[in-house]
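> Use these hints to put chain H onto chain L, whose structure you have.
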Amino acid sequence: MTRKEVVQQCRDLVDLLPGEALAEARKKHPDVGGFGVFPVYAPVEVIHAAGLMPVGLFGAGDKIELSHAESRFQSFICSIAKSTLELFLRDDMKDFEGVVFSSICDVARNLSSLVTRNAPDLYIEYLHMPQNMYSGETLNYARAEFERFRTKLSQRVGRPITDEAICESLVLYNEVRALVRRLYSHRKLHPTSIAAADVYAVVQAGTRMMPEDYAPMLRDLCDEVEATEVKPRDGVRIVLEGAFCEQPPIGLIDVIEAGGCIVQDDDLMIGWRLFDHDVESNGDPLAALSQAYVSSSVYTSVRHDVDKPRADGLVVRMKQSGAEAVLFAPAKFCEPALLDYVLFRQKLEEDDVPHLKIEYEEKMWTFEATRTEIETFAESMLFD
Amino acid sequence: MRTTVSNDKDYRGNVHELSRNIMTDWMGQLKDATQNPVPSAYLMISGNCVEILRCFDILPVFPEINALQLAIRKNSLPYIIKSEEIGYASDNCAYVKADIGFTMCGGVGKEGTIPKPSIIVCNFVGCNVYIKWFEHCAQMMDVPMIMLDIPFLREDAPSKADIAYVVCQLRELITRCEELTGKKFDIDRLREILRYSARAEDGWSRAKELCKNRPTPYDAYFDSINMMGPINALRGTKEAADFFDATVKEYEKMVADGIGVLDDERFRVVFEGPPPYPYYRNFRNLFEAWGAVSVQSTYSTVGGTWEFGFRHDADHPLETIAEQMIVHNLCNRSMLERYKQIRTYVEDWSADALVIHSIKSCRLFSAGQGDMREYFTKELGIPTLMVESDLEDPRYYAEAQMKNRIDAFFESLQYKRLRQGEEAART
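Quick mapping for you: the protein sequence lines, in order, are chains L and H.
What the first sequence shows, in my numbering, is residues 2 to 385, in sequence order.
What the second sequence shows, in my numbering, is residues 147 to 573, in sequence order.
If you're looking for bench data, these hints aren't it; they were derived computationally from the structure.
A few of these clues could be false.
Claimed, not checked - Below are the DSSO-like pairs computed for lysine-lysine, each with C-alpha atoms no more than 27 Å apart in a straight line: (1) H:Lys228 to L:Lys358; (2) L:Lys95 to H:Lys524; (3) L:Lys95 to L:Lys28; (4) H:Lys384 to H:Lys399.
Pulled out of the complex, with its shape left as it was, chain L reads as follows:
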């Protein structure tokens, strides 16, 4: 596929609701079931090995009206929680076998309870991912948690989920993650080779396709992007930080670049590209996934690592990507991102790194005020 075709297909796909994306996949895989993956991370290989398509469940953006969920969640709760619940209350998720949530924040945990009560026919799982990376039992615990998920998912679909099947899925997702790393690596060197909004759409589309279909498409894209002659342009080279759960509207990403910033790296959909190298696909796959989560995860706001403070991770991300500033983009009411902002900001001010904070909501549709802020920020740096 050409780059243009890939990007267009991905943009079309991310414009669909999760159920519609599943229906799209079923055109090619008529028997495949769907399984929602709420941010940030879940072992998608286990889901795929069960014969299901893992579908990133990033709320519903501005695509639906909130008719019921507003009365279940208060005004100070993030949009993604409300629109995700609304999808279940509207019965939009009826073709899914279930959804997996994890211990990212208090809202996500309560959301999993509400979905359990309001969608009694679905299998709703809540994974408690380890927060102590250095205990003598951490790996055993993590493996047991993945095993628990495998067992219950297997009961739900009525067939075994074998180690062999998970290893095969690991190979596929390793390939996908490696291609995404390749795309990101190229962008760090040649950030103007592809629009940030295109990268965003392409990576998000990967959460809505079977990995076997997605990988060839992504490879085609990488090949063409790498072969593209790059025309540098002026702009403030930034890392986008804080958008690891609720995803911004694609228009916001456009505005960031139009406002004079060049995105060198970001944490968008970070859970789907969490590992900095391939996961071992020979042997015990659940042990390998546990090891990867504990030892090979990039930093995120939802994973504590007592020896690796996130602020240090941000500085490394900046240096490795060649960024000169940070654009914080927490979703409105996102407690983990808003709390992390304090320590990030402190660290950047110690290091004299310029930064700007813009809050967004998934359903945001006018960007003029944000654009003005970004332009002012960029101009203050470019003409300093």
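Structure of chain H alone, referenced to chain L:
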């Protein structure tokens, strides 16, 4: 109909005095430790393992209690604003902001009232904000942080792997405590401490049980604060165990004499959610004006759900601590488990209604309480009132609006009762 209560209403009684005395002693120890340092540790309230610290004579320090006291003394707002100046959002937990602001202003350390801790023990039991809060404290004060990751209760019972993970971390904590204090772990001492814990837990349960009586001897929401300090912060001490013996004696006598906390108990309610500490008395008065008293509350069980039978078991010290941390406290249980807990309270404590106090700061409590209201009102037919403010930030408390909602709710309950009485008289 009287719908106001005098602001000088005195809710204090013997239990309040006893609680104040032992908590003041503990706070005196904290203050002393600012000048004469002793090993001390930050710890969170919910599902805590204070017994292990006590075993090494490590002074436990609870930033949540600090935040609570700032709020109830109406001192929280300047500290919240101080934190917002360095980047905390208006949407962040105000407990965190008040405590951090207080620390920034010198409240912790030699010039303050709270000692700088030797270690920070992050008992991550349910509340994700705990992790961030303690990361910030560790960073600000340059104090080592120990993570105790407690798996959320996501099945009916914890798995063997859950227990093994927590017990292993407790052993690792013990090693760190040995290193910090130079003292060897003494399991017999831990057993003795756990026996004091169990005695206090017996008293807690018995006191809660007494609220099944009509009239209830104390308000299980507003007055439970007198028991929450001793059970959560001082658990494992003889003083706390003695306190609960005395508390039970006091409340049993009130029950025997037919004395209630209110002169005229007209409505029995269950409270869900933390109280608005900056306006504690005002808020309470809005309910008392209607003769409404709380017979049970979820907030009082953040540290432990002792009234459902769990007791620390001195014969299995680490396993029992692990079990309490995972299973037997509100924070580490799901919303749906909380629905069950409230339903039991309403039925077994003979409540007329549920009152949900939804607070912005604590999403663990509040996120999704609209669904809770839906469930109790529509599926169980239990009258439910939901009001919003905050437990720490006074800016979110609107007294007039709050009063209107509460008055309207009890007026309708009263009307319903009158109608039912008339109908009963007709038939």
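> Look at each hint and say if it fits the structure.
The hints, checked one at a time:
1. H:Lys228 to L:Lys358: With a Cα-Cα distance of about 19 Å, the restraint between Lys228 of chain H and Lys358 of chain L holds, given a limit of 27 Å.
2. L:Lys95 to H:Lys524: Answer holds: Lys95 of chain L to Lys524 of chain H is near 24 Å, not above 27 Å.
3. L:Lys95 to L:Lys28: With Cα atoms ~18 Å apart, Lys95 of chain L and Lys28 of chain L stay inside 27 Å; holds.
4. H:Lys384 to H:Lys399: holds, 23 Å
Going through the hint list in order, the structure satisfies each hint without exception.
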